[in-house]
Amino acid sequence: MATMTMVKALNAGLRRALAADPKVLLAGEDIGNLGGVFRVTEGLKAEFGGDRVIDSPLAESGIVGTALGMALGGYRPVVEIQFDGFVFPATNQILTQVARMYHRSHGRVNVPMVIRLPYGGGIGAVEHHSESPEAYFAHTPGLKVVAAATPSDAYWMIQQAITSPDPVVFMEPKRRYHEKGEVDTEAIPMPLHQAKVVKPGKDVTVLAWGGMVRPCLEAAIVAAGEGKDVEVIDLRTISPLDDDTILTSVARTGRAVVVHEAMGTLGVGAEIAARIQERCFYALQAPVLRVTGYDMPYPPNRAEADYLPDLDRVLDAVDRSLAF
Amino acid sequence: MATMTMVKALNAGLRRALAADPKVLLAGEDIGNLGGVFRVTEGLKAEFGGDRVIDSPLAESGIVGTALGMALGGYRPVVEIQFDGFVFPATNQILTQVARMYHRSHGRVNVPMVIRLPYGGGIGAVEHHSESPEAYFAHTPGLKVVAAATPSDAYWMIQQAITSPDPVVFMEPKRRYHEKGEVDTEAIPMPLHQAKVVKPGKDVTVLAWGGMVRPCLEAAIVAAGEGKDVEVIDLRTISPLDDDTILTSVARTGRAVVVHEAMGTLGVGAEIAARIQERCFYALQAPVLRVTGYDMPYPPNRAEADYLPDLDRVLDAVDRSLAF
Amino acid sequence: MAAAADEDFVQLLDPAGNRVEHPDFSYSGSDTDLAASLRDMVLTRRFDAEATALQRKGELGLWPPSLGQEAAQVGSAKAIADTDRIVPSYREHGVAWVRGVDLKALLGVFRGSAMVDYHPDDKNFNLYTWVIGGHLLLSVGLGMAMQRDGRVGGPDPDANSAVITYFGDGATSQGDVNESFVFASSFGAPVVFFCQNNQWAISEPIALQSKIPLYRRAAGFGFPGVRVDGNDVLACEAVTRWALERARRGDGPTLIEAYTYRMGAHTTSDDPTKYRGSDELDAWRAKDPIERVKAYLLRQGTIDQRWLDDLAAESDALGEQWRADCVGLPEPDLAQWWDRVYAETPHALLTQRDDFVAYRASFEEA
Amino acid sequence: MAAAADEDFVQLLDPAGNRVEHPDFSYSGSDTDLAASLRDMVLTRRFDAEATALQRKGELGLWPPSLGQEAAQVGSAKAIADTDRIVPSYREHGVAWVRGVDLKALLGVFRGSAMVDYHPDDKNFNLYTWVIGGHLLLSVGLGMAMQRDGRVGGPDPDANSAVITYFGDGATSQGDVNESFVFASSFGAPVVFFCQNNQWAISEPIALQSKIPLYRRAAGFGFPGVRVDGNDVLACEAVTRWALERARRGDGPTLIEAYTYRMGAHTTSDDPTKYRGSDELDAWRAKDPIERVKAYLLRQGTIDQRWLDDLAAESDALGEQWRADCVGLPEPDLAQWWDRVYAETPHALLTQRDDFVAYRASFEEA
Ligand SMILES: Cc1ncc(C[n+]2csc(CCOP(=O)(O)OP(=O)(O)O)c2C)c(N)n1
Ligand SMILES: Cc1ncc(C[n+]2csc(CCOP(=O)(O)OP(=O)(O)O)c2C)c(N)n1
Ligand SMILES: [Mg+2]
Ligand SMILES: [Mg+2]
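Protein chains in written order, with the numbering used here: chain A, 1 to 324; chain B, 1 to 324; chain C, 1 to 366; chain D, 1 to 366.
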């Protein structure tokens, strides 16, 4: 058991994956000599060589498209998109090529590829560096989407994503990169596409992932002080959603609050709310509430504290749900 | 009052817009001499010249990006994306540039631009030619998204979209291109961002847009024969949603079914369901049901009849809603 | 521009069927080999004609004819080794034929009964694909995989391999195509970019995509570009052979611009009379890729009328076969497609499939 | 490659401050004009140093230094007419300064207090922008708008205009940049593509983006490319002037590669010691864009120590002003941003804003 930051945990997970399978490759901008702008790949080029840790020309479509080719050629590429907001030049490759190859080939050709996406706000960055584009990918059949909230999950989930036979968009909450946590590198990890009840409770279910799990846990603690027993679920998997864990919890609590950074309209919270009301209709004591980024582009970062869901907004929604 | 197909109505609407404002321009692949692969722009290059009806090089990002520049330069470009599935190379331009300019400039610079998107299935086409990507755009603040279901709406809405100060993704259901309808070119059109109750009813609200309005209306007729009074709403505007019309109806009927071609997960139906349960919680007699494309890429077209929502599937959902 | 171009490109057999000398390139095959290429071109044309007819009869939803591009396709294909990877676009029926792909497999996608119904590894022939220019990047990636496999630039030439990727003139305007040039150049990837400049991208003439000959694009990215007479099967083979050998040797990518003409419609949905005149077509008819080889080989005595009659008979038989193959293609069943989304199918998808199957069955019961 | 490049490019003033003859280009200004350019370079460097210091003090979140690129920026900017449109990237502080953009407006975005807080029409200077290569297409579109306005190639040269767009060496790998070349070439758009090749894209050396000099990319798209000594303010001005005149005249686009060096970090978040040695920096220091002009003008007697002292005083005063401007920038209020999403704000957004305002007020009450 070691204590490390999420950056170190990802680095260790990638190192282990590279060591375990010679077919694993990394590619992206600045990931080699620099170790990536967040240092997630630090030291890996020195250790595994430039053929396996590839500094790519500055073109996201090219990075993803050539990685797809390498995947078809028998490799397991892990590409880093430098920031969330720079994934869009690669949209065509991700949506029409990577996500579709299995379908297009009648299931003959699979694409074992990971697209690492440092995402989300709270780091005081300029435009395009604080976004949460998961809904675009979760609306795309053929892609899987996961998000790590802790160093331990980061360590294990990245390795599981790499061994997945399907393309995985791997969301890394930048604001949690430097927070430390325990990582048991000998543990048997839980399955990749399973949500985790990180705090059991019986009054209301709060659902979050990645960077938003922490304020939800904090809200649960405050709420507990007020006698409200909040269950917090870290979704971990956004596509597919782990319906069982979600619906079982809400069926029991009768109340749900979904929390995410992306804008509310057509954010993942919409799908979760839609499913819950479809499948737990009679169990619901209150509408499923959403605590999300507002329906606007990410604001100047000196206003981001107001933009991002936080402990208070989660608590407020919990209260509104309980009072409904 | 004239009877015409949607293709002709769009053509007439574009012609009128070009004639009314010398700043209106059209751009896209094959829109000039050929008049577009669907002939929507037929004759317009001959009438208004190649400087205003621009055959563009084969590059969607280029088409949208240069159109953005022309918009910033004082023009009102209307670009045609040849088919739904080929909009993705332009994603970066649409999401990070077109949609954001107003925000990025603190509201100083607006982008009066229309992106015409022939969309949807039911036409027996190969891959990428039958898709419904509206949710990607509706999840993007700064874009407006509308869909025409009839020749009359096509005629008026395209002109309204062109005069809009904001960028509008204009969805044209290909499968309705050649169906005829009445167009009153002297009428005063209803506002662009307003939904329309196309068949009033009191038992259940069915919500659709574009190509799906027709099977919903057919289902309503069959249901009427069985004594079920279905209200059908043509959303017309997908972003922003016309909450008033939607919620007023559902508050009255207590039941809702959303119908669309795109895959269900994170389709626009998710947002509508989430809003309805948020705002009509006590009025709801049954969960909001969704009748959508299945969670897979569009199938080979000889299987599309099974894939696409149709009269039967709408009826089935209406029945399930009423029986809940 | 066409005139200037004509002086500019590699030609080894002129439209009248005369062999032409070129300082850098020569055809390495015999006249018998050439007869084999002629046969492949004739059969490609027949396949194309059958498919076009099948579309007219409603058996196919759409067909993109290869008419006029047989030399570019057959010639280049002849230069490809079994271990090379071919990445086609959607019009490379002649390449598929030479490669030995069962052409039936190409029909399903146009019939609407399949997505793309063959395994790309079977014949080292990638899936037909539709997003213009979208497949070039994966071609480069396939080449980068070969580099990492140690299959490029090794001491044993037979153990080396390369990728050849096909695209049109219109495609050169796409960002992805140019990024492919960047990546291939930067990594010295073993890729031959084979552009069939058939003068048109649907209704758009080549001049809209480029004011200068396309092959010159490559120099700006740091690798060679060559324009070849795309209606000359010898020249296409010779230039492609050279480029593939360069690539396999580890000398990096090449752009080949095969200067040819789409003699038919863009697809069966297209009406070319809307945008081009018949004189243009007539001029290109005079440069037909098949006629010149026929003329040459008849003159050489390599083939005779009897040979041609036999070929016609073979062609008829194959035509019949393809027609039967097409109408006999299995209908798709939507129920099969839920487990073709992911290699590891999420549980919810299977439930969705079961619900669909039950729903559909409810009609049968009734 | 740098060595070969040095022979290849347009230089009018060498690093030692000697004027150099060039067959095609000459500096049209006087020594007094050159002194003005020197002043602009010195003040640009000061602004950059202040901003870097403000970042260190936590007043800015991030800063991308222009250190070392003053000649490329000031020289090119001197050639731009008021009616020309400038489309910057994010590092063109020197261009902004010459243009007369209030530099305070550039600080807010890096402070996090604003998006981009000026009207692009005020100084015909587009918004700073972040998506690498994303702004080149709109530059071409702006040029196409000028064509349609009748502002290109008209009989009165003063009534003509053009667009100049700035980007880096790394940007040239982006599809959008190459599509911009396609569109500009195809439509003969009046656009000068001004690439500051500062040798690095964060940690990636230019060789990863292109194996050959970047200016040659243009020829493959059918328009001229020129490499200029990007540390020579005379040469940058002369070449840019020529290219803009071509564009305004209706002769179409030009690619200028200003061969220069990013002497500082990529941004204040970057640590260049991770990927490049100090000898490289030393070599480039010897080619400093400011020193050579100073040496030349001192030798000419156009300026003297007193002039330099005055400039230092002006620089100090401005420095103080910029510091004050920065800390005095208004804090953003999220409540303002709901009606900055759409020109016609949907009703639901206003409700969302009102709810937010009420929610926020609930804390103040408490
Ligand atoms: C990204 C994209 N945009 C548009 C289309 C529609 N489309 C299909 S073929 C074609 C023209 C292609 O021209 P070219 O590249 O010259 O190839 P050709 O068909 O002539 O062989 C177009 C515009 C497409 N398939 N993909
Ligand atoms: C599409 C995109 N990808 C990645 C980035 C992150 N990024 C910011 S600057 C930069 C390097 C740019 O290099 P270059 O084009 O040479 O310009 P320079 O910074 O050297 O002036 C990168 C990769 C970005 N801003 N946009
Ligand atoms: Mg073509
Ligand atoms: Mg650079």
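There may be inaccurate statements among the hints.
Claimed, not checked - The calculated DSS-like cross-link candidates involving lysine-lysine, where the alpha carbons are at most 25 Å apart (straight line), are:
| # | chain 1 | residue 1 | chain 2 | residue 2 |
| --- | --- | --- | --- | --- |
| 1 | D | K57 | D | K294 |
| 2 | C | K211 | B | K45 |
| 3 | A | K23 | C | K123 |
| 4 | B | K23 | D | K57 |
| 5 | A | K196 | A | K180 |
| 6 | B | K180 | B | K199 |
| 7 | B | K45 | C | K104 |
| 8 | D | K104 | D | K123 |
| 9 | A | K45 | D | K211 |
| 10 | A | K199 | A | K180 |
| 11 | A | K45 | D | K104 |
| 12 | C | K104 | C | K57 |
Said to hold, decoys possible - Far from chain A, by Cβ distances over 10 Å, these chain D residues were calculated:
| # | residue |
| --- | --- |
| 13 | D102 |
| 14 | D122 |
| 15 | R151 |
| 16 | L281 |
| 17 | Q300 |
| 18 | G301 |
| 19 | D333 |
Quick caveat, the hints were computed from the structure, so don't treat them as lab data. We put the beta carbon where it would ideally sit given N, CA and C, even for glycine.
How the hints compare with the structure:
Straight-line distance between C-alpha atoms of D/K57 and D/K294 comes to about 31 Å, which puts the hinted pair past the 25 Å bound. Proposed proximity of C/K211 and B/K45 is supported: the alpha carbons are some 22 Å apart, at most 25 Å. Restraint check: the Cα-Cα separation between A/K23 and C/K123 comes to about 23 Å, which is no more than 25 Å; the hinted pair holds. With a C-alpha separation of about 48 Å, the suggested pair B/K23 and D/K57 falls outside the 25 Å cut-off, and the hint is violated.
For a cut-off of 25 Å, the pair hint linking A/K196 to A/K180 stands: about 19 Å separates their Cα positions. For the given pair, B/K180 sits about 19 Å from B/K199 by alpha-carbon distance, which is consistent with the 25 Å threshold. At most 25 Å may separate the alpha-carbon atoms for a hinted pair to count; B/K45 and C/K104 exceed this at roughly 41 Å. Between D/K104 and D/K123 the CA atoms are separated by roughly 14 Å; this keeps the pair inside 25 Å, and the hint holds.
Taken as a hint, the A/K45 and D/K211 pair is honoured in the structure, with Cα atoms around 22 Å apart against an allowance of 25 Å. As the CA atoms of A/K199 and A/K180 are separated by approximately 19 Å, the hinted pair is consistent with the 25 Å bound. For the hint pairing A/K45 with D/K104, the CA-to-CA distance comes to about 41 Å; that exceeds 25 Å, so the pair is violated. With a C-alpha separation of about 17 Å, the suggested pair C/K104 and C/K57 falls inside the 25 Å cut-off, and the hint holds.
Separation of D/D102 from chain A is adequate, the least Cβ-Cβ distance of about 18 Å exceeding the 10 Å criterion. The Cβ of D/D122 lies farther than 10 Å from every Cβ of chain A, with a closest approach of about 20 Å, so its non-interface assignment holds. At roughly 31 Å from the closest C-beta of chain A, the C-beta of D/R151 stays outside 10 Å, upholding its exclusion from the interface. Every Cβ of chain A is farther than 10 Å from the Cβ of D/L281; the closest lies at roughly 16 Å, confirming the non-interface assignment.
Separation of D/Q300 from chain A is adequate, the least Cβ-Cβ distance of about 42 Å exceeding the 10 Å criterion. Distance to chain A confirms D/G301 as a non-interface residue, since its nearest Cβ pair spans about 45 Å, more than 10 Å. Distance to chain A contradicts D/D333 as a non-interface residue, since its nearest Cβ pair spans about 7 Å, not more than 10 Å.
Consistency note: the structure conflicts with the earlier hints numbered 1, 4, 7, 11 and 19.
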